Amino acid sequence: MSTKTPSRLEKILASGNLAVTSECGPPRGSNGDTITKKAEMIKDYVDAINITDNQTSVTRLCSLAACIRLKLMGLEPILQMVTRDRNRIALQSDILGAASFDIFNILCLSGDHQSFGDNPQGQNVFDLDSMHLIQTVRYMREEGKFLGGDDIDRPPRMFVGAAVNPFADPFEIRVPRLAKKVAAGVEFIQTQCIYNLDKFELWMKQARDRGLHEKVYILAGVTPLKSAGMAKYMKNRVPGMDVPDEVVERMSGVPKEKQPEEGIKICVESIQRLKEVEGVRGFHIMAIEWEEKVPEIVEQSGLFPRPKVE
Amino acid sequence: MIVAERKPIEEIMGFAKNCKKILMVGCNECVTVCYAGGRKEVAILASALKMAFKKDGKGLEVTEVTLERQCDHEYLEEIRNIVDEHDAIVSLACGVGVQFMAEKYLTTPVFPGVNTRFMGVTEESGVWSERCQGCGECILGQTAGICPISRCAKRLLNGPCGGSTNGKCEINKDLDCAWQLIIDRLKALDRLDDYEEIIPIKDWSTERAGGPRKVVREDLKQ
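Note that the protein sequences, when read in sequence, are chains F and L.
Heads up: the first sequence runs through residues 1 to 310, numbered per the numbering used here.
Heads up: the second sequence runs through residues 311 to 532, numbered per the numbering used here.
Please keep in mind that the hints were generated in silico from the structure rather than gathered at the bench.
Keep in mind that this is a model prediction, so the values were computed, not measured.
Careful: at least some of the hints might be erroneous.
Said to hold, decoys possible - PhoX-like cross-link-like pairs, simulated, lysine-lysine; straight-line CA separation at most 25 Å: (1) F/K180 <-> L/K478; (2) F/K205 <-> L/K497; (3) F/K232 <-> F/K205; (4) L/K512 <-> F/K145; (5) L/K512 <-> F/K180; (6) F/K11 <-> F/K275; (7) L/K368 <-> L/K317; (8) F/K4 <-> F/K199; (9) L/K368 <-> L/K414; (10) F/K199 <-> L/K497; (11) F/K180 <-> L/K497; (12) F/K232 <-> L/K478; (13) L/K330 <-> F/K199; (14) L/K483 <-> F/K232; (15) F/K43 <-> F/K205; (16) F/K43 <-> F/K265; (17) F/K308 <-> F/K37; (18) L/K483 <-> F/K235; (19) F/K11 <-> F/K71; (20) F/K235 <-> L/K478; (21) F/K232 <-> F/K215; (22) L/K512 <-> F/K199.
Claimed, not checked - Partial selection, computed: residues in chain L whose CB lies under 8 Å from chain F: (23) G405; (24) V406; (25) L467; (26) C471; (27) I511.
Think of the CB as a built atom: it goes at the ideal place given N, C-alpha and C, for glycine as much as any other residue.
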């Protein structure tokens with residue numbers, strides 16, 4: 001596929017290499033070093049780094065400022081943007097702010113409901129949904145116009161991504177929902193963490209049956225489990241997460257001090273198996289507050305060194 | 311209907327604390343149907359207030375009236391002759407009725423007796439739930455007759471989000487996922503393919519966002 005933006009992630013995907021992305025959650029404070037330190041740990045092992053946008057609705061340093069810090073380090077940020085907190089004026093404005101620093105990737109999300117976070121009494125916005133945000137960025141980029149119709153001086157050049165959760169209900173519309181995002185103009189997808197590989201493969205097959213794997217780059221999401229407790233928490237408490245019993249049992253079956261190692265092993269095995277799935281074009285490694293493990297996961301999965309692009 | 315809930319009596323006692331005689335006005339429409347502000351609730355609240363005042367060694371006189379509606383001039387006019395005899399009015403109508411009362415009787419304080427919650431239905435006896443947010447441009451024709459604006463916690467026009475689990479919303483296991491309902495109904499109608507039509511960015515100017523709203527019918531104006 002040819003490239004449409006200066007995004008390094010897009011170039012790597014277009015060249016046919018498996019891409020590797022990871023993410024950093026900004027701190028709950030104004031210490032920008034937290035971001036740069038996390039990024040230092042993983043920078044040579046990934047092609048681009050997502051910065052989350054007030055994930056789980058807990059107030060944090062803003063995604064855009066953290067992305068600018070990465071950009072100033074010479075790295076490739078993926079600006080995560082949720083429609084929960086901003087209306088269409090603020091969304092377009094932040095997109096331009098990011099574009100002014102040559103941030104070339106955006107991940108369009110609706111965002112967790114604010115009831116999960118530290119301000120459950122707050123308003124939510126949802127002026128647009130994630131589908132609309134995809135359309136908005138593409139429109140700004142292709143047409144060089146604001147939603148209101150006026151011309152943009154130096155339009156954003158962003159590679160447009162979105163998340164999909166192959167495991168949420170109802171399962172039968174999970175592929176149609178992907179198709180809908182593709183129709184809206186999404187160019188890459190990062191999936192929810194995959195623990196149920198059989199179900200993911202079934203979803204991927206259905207996506208292939210509709211040729212969607214040729215229209216959008218799909219990065220399989222993985223998260224290493226730190227402990228049996230985390231596996232149980234993800235299984236029982238996180239909406240839309242599918243952790244099979246075998247995975248929980250495998251984590252519980254090893255002594256507590258060996259569980260982190262087992263979690264990494266499961267993660268690497270998953271990547272190895274997912275590499276064989278037609279249509280998987282890369283991996284999104286979400287090592288939640290465990291960024292230091294990303295290098296060894298990448299190495300052990302045979303994804304190191306990362307390809308060079310101009 | 312407009313669904314309301316009774317306010318805690320302590321709050322109403324606070325409104326009435328300096329009063330000797332209040333006019334308590336119920337409404338015979340929605341708030342009667344949802345047992346929040348009809349004739350019966352007026353009687354219960356009036357005697358509870360009187361008892362509470364008596365316990366504090368104070369007297370309180372309450373005149374009880376229930377009007378056909380509080381959102382029309384003609385019914386609100388029915389109390390014009392007695393309003394001035396009272397120190398305050400407690401209206402058990404929805405917020406619409408309370409305000410219309412205050413607009414009409416300028417020199418008498420008007421207090422709300424209920425919390426107005428939403429436009430909804432009686433799901434079963436004692437259970438009411440929301441169905442409409444009055445966005446001003448109905449999309450039910452595109453969503454199989456189920457409204458994602460009032461029934462999805464994120465009002466997603468192209469849902470469901472990734473938090474839909476076993477037909478329930480991520481914010482509350484007792485809450486149906488609106489998009490699961492839409493999909494179930496599209497299937498029942500054999501129209502599941504319609505799901506893939508993107509509902510475009512909405513014009514919210516007909517909603518609250520556009521400022522206080524007004525409908526004018528020139529043909530009916532006098």
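The hints, checked one at a time:
no., hint, result
1, F/K180 <-> L/K478, "holds (22 Å)"
2, F/K205 <-> L/K497, "holds (22 Å)"
3, F/K232 <-> F/K205, "violated (28 Å)"
4, L/K512 <-> F/K145, "holds (18 Å)"
5, L/K512 <-> F/K180, "holds (17 Å)"
6, F/K11 <-> F/K275, "holds (19 Å)"
7, L/K368 <-> L/K317, "holds (22 Å)"
8, F/K4 <-> F/K199, "violated (33 Å)"
9, L/K368 <-> L/K414, "violated (30 Å)"
10, F/K199 <-> L/K497, "holds (22 Å)"
11, F/K180 <-> L/K497, "holds (17 Å)"
12, F/K232 <-> L/K478, "holds (20 Å)"
13, L/K330 <-> F/K199, "violated (70 Å)"
14, L/K483 <-> F/K232, "holds (19 Å)"
15, F/K43 <-> F/K205, "violated (32 Å)"
16, F/K43 <-> F/K265, "holds (22 Å)"
17, F/K308 <-> F/K37, "holds (23 Å)"
18, L/K483 <-> F/K235, "holds (15 Å)"
19, F/K11 <-> F/K71, "holds (17 Å)"
20, F/K235 <-> L/K478, "holds (16 Å)"
21, F/K232 <-> F/K215, "violated (35 Å)"
22, L/K512 <-> F/K199, "violated (34 Å)"
23, G405, "violated (19 Å)"
24, V406, "violated (22 Å)"
25, L467, "holds (6 Å)"
26, C471, "holds (6 Å)"
27, I511, "holds (5 Å)"
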